[in-house]
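Last residue of the first sequence: 274 in the UniProt record's numbering, with the numbers rising by one and none dropped.
Quick caveat, the hints were computed from the structure, so don't treat them as lab data. Among the hints, a few may not be true.
[What the hints assert, rightly or not] Distance condition first, Cα-Cα at most 20 Å in a straight line; then the derived SDA-like pairs of lysine to any residue:
id, residue 1, residue 2
1, K156, G193
2, K183, S265
3, K271, H187
4, K183, Q237
5, K271, P250
6, K156, R190
7, K155, R199
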Amino acid sequence: MPELPEVETTRRGIAPHCENRTITQVTVRDGRLRWPVPGNLAELLEGAVIHTVDRRAKYLLIGVSSATVAGSLIVHLGMSGSLRVITDQSEPLLHDHVELALDNGIRLRFNDPRRFGCWLWSETPDQHPLIASLGPEPLAPEFTGRMLYRLSRGKKTPVKSFIMDNHVVVGVGNIYANEALFKAGIHPRRAAGRISLDRYNRLVNAIRETLSAAILMGGTTLRDFVNSDGKPGYFAQSLLVYGRSGEFCPECGHPLKEIRMNQRSTVYCSKCQR
DNA sequence: AGGGCCACCTGCGAGC
DNA sequence: TGCTCGCAGGTGGCCC
1 MPELPEVETT RRGIAPHCEN RTITQVTVRD GRLRWPVPGN LAELLEGAVI
51 HTVDRRAKYL LIGVSSATVA GSLIVHLGMS GSLRVITDQS EPLLHDHVEL
101 ALDNGIRLRF NDPRRFGCWL WSETPDQHPL IASLGPEPLA PEFTGRMLYR
151 LSRGKKTPVK SFIMDNHVVV GVGNIYANEA LFKAGIHPRR AAGRISLDRY
201 NRLVNAIRET LSAAILMGGT TLRDFVNSDG KPGYFAQSLL VYGRSGEFCP
251 ECGHPLKEIR MNQRSTVYCS KCQR
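Modelling step: build the complete structure from the supplied sequences, incorporating the hints.
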């Protein structure tokens, strides 16, 4: 479910409620996530203070410290996860696996039906194997067309796979890869190594524009994404090609095509994208 | 070494 | 109505 805009929307939603709050209780109802939730999580966190809520790629990094521990929770929402701010006394529902109670009476509740998400703990999150080898953030200045151009020389891999590779750039998932390639006029199957610098500059702009616009609209809700208030995102109505196979291209009116690449739905216009 | 594919898991809609 | 099938926003790890 969540791509970078959805994770950023979640971060912005929870941060004001968590920062500088003390964790009073940790509840793990089902620790069988992608990796087991550490058994000593409550021991580590209860009584500690949350000082930061950051994002790296699609990971939320919740910085926590106390007299005895200092480190970060590494939280990933997987395909179906959501983090909600609970202000009332509502009972947990099915798939509400992890919960943090804070000293302001608010609870942070993690729901994840498919359990592809994770809750890990690290004292040195920057060096954690899941984080250390990630490529640049798509909205950071070091992500440039020149960088993509250089990295892609000699690569036969399709450009869509290339920009979805976390070592190249993080945070470009299936929806936004489709959208950005359409905006840039690049065919998703084109070999990454056979794209000009000029076109990579356009692609970088398209990725930035697409992700920024989605963040401004609170992310994309297709079926079930909800933000930290339990509300949907509104970028779905702005999607140009994703989920629109068979509809007419918004640029030229030609019917949009759908193919599968790496078992993922890939929608494009065969006239506008080369 | 690099690239492609599977697996992890539940829920839902389509089609029979 | 109720079953089965295929598909879903991610990504580490395995195999070729």
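Now for the hints, and whether the structure bears them out:
1. K156 - G193: holds (6 Å)
2. K183 - S265: holds (17 Å)
3. K271 - H187: holds (9 Å)
4. K183 - Q237: holds (16 Å)
5. K271 - P250: holds (12 Å)
6. K156 - R190: It holds: about 8 Å lies between the C-alpha atoms, which stays within 20 Å.
7. K155 - R199: holds (16 Å)
Violated hints for the displayed structure: none, as all numbered hints are satisfied.
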